[in-house]
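Colleague: If you read the protein sequences in the order shown, they are chains P and Z. All residue numbers for the first sequence refer to this note's numbering, where the first residue is 1 and numbers rise by one. All residue numbers for the second sequence refer to this note's numbering, where the first residue is 1001 and numbers rise by one.
I should point out that these hints are in silico values taken from the structure, not numbers from a laboratory. Mixed in with the good hints, there may be bad ones.
[Unchecked claim] Quick list of the computed label-pair ranges, beta carbon to beta carbon:
1) Z/1014 / P/15: 24 to 34 Å
2) P/49 / Z/1041: 13 to 23 Å
3) P/48 / Z/1039: 19 to 29 Å
[Stated by the list, open to error] Stretches of chain Z that chain P covers, calculated by requiring three or more beta carbons in the stretch to come under 8 Å of a beta carbon on chain P:
4) 1015-1022
5) 1041-1047
6) 1055-1066
7) 1077-1087
8) 1092-1102
All residues carry an ideal CB built from backbone N, CA and C; glycine is no exception.
2 protein chains.
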Amino acid sequence: MLKKVAVFKENQFEDQSFKTFLVHDSAYMKVLNFNFKAGQELPVHSHDIEGQLTIVVLEGSGQFLGEAGTAMDAGPGDVLISDICEPHGIRAQSDMRVLVTIAPPI
Amino acid sequence: MLKKVAVFKENQFEDQSFKTFLVHDSAYMKVLNFNFKAGQELPVHSHDIEGQLTIVVLEGSGQFLGEAGTAMDAGPGDVLISDICEPHGIRAQSDMRVLVTIAPPI
């Protein structure tokens, strides 16, 4: 069965912290949507497991974060690819929606 | 190493057919960007192999296509999840950019 998820309708923004929404979870991949209000951030972190993830900016802008304070501008259509074991994070400059895909799923 | 790909800068539109751009290919996943001009379409197709794919609308609108002429509206932030072996396709109503993630990679 084809499954459609309207991420912009399903998830909101919150003042306290970024808001997570599980889009899909299967044996093959996990897909999450994070909404950040301007100034919110997913701090740099990593997991010591096999696999890769992508972070796709759907709306808004900010920065992809890496180890040792590194940062790259992140805007609509920008995709970050990272090993799951590599330090990565996100900081929002404007309200920002991103989609994270993890394969194989955590 | 973190890798950033600016999909909106890297890929263009073409009059003859939709334009494909390989964003990432690894042991874990394959990520492709397709740009469609209004009216262009990726016809319904499937591959008889294990795995799933997602189609994320980055910009523009159209329809996700399924078997027997089924169609679902597809706009920014909409995600289609499909088994690779399930018939799926896309049709663009306006100029449309989508990101396709396949895991495990074809």
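Colleague: Does each hint hold? Answer for all of them.
Modeller: Here's how the hints hold up against the structure:
1. At about 44 Å, the CB distance of residue 1014 of chain Z to residue 15 of chain P disagrees with the hint of 24 to 34 Å.
2. In this structure the hint that residue 49 of chain P and residue 1041 of chain Z lie 13 to 23 Å apart at CB is violated, the actual value being about 39 Å.
3. Look at residue 48 of chain P against residue 1039 of chain Z: about 48 Å separates their beta carbons, and that is not inside 19 to 29 Å.
4. Only when three residues or more bring their CB closer than 8 Å to a CB of chain P does the claim for the stretch 1015-1022 of chain Z stand; here the count is 0, and the claim is violated.
5. Given as covered by chain P, the stretch 1041-1047 of chain Z fails the check, having 0 residues with a CB less than 8 Å from a CB of that chain where 3 are the minimum.
6. Closer than 8 Å: that is the beta-carbon criterion, and the stretch 1055-1066 of chain Z has 5 residues meeting it against chain P, so the requirement of 3 holds.
7. For a cut-off of 8 Å, the count of residues in the stretch 1077-1087 of chain Z with a CB near a CB of chain P stands at 7, and the three-residue condition holds.
8. Counting residues of the stretch 1092-1102 of chain Z whose CB lies closer than 8 Å to any CB of chain P gives 3, so the stated coverage by that chain holds, three being the minimum.
The structure shown violates the earlier hints numbered 1, 2, 3, 4 and 5.
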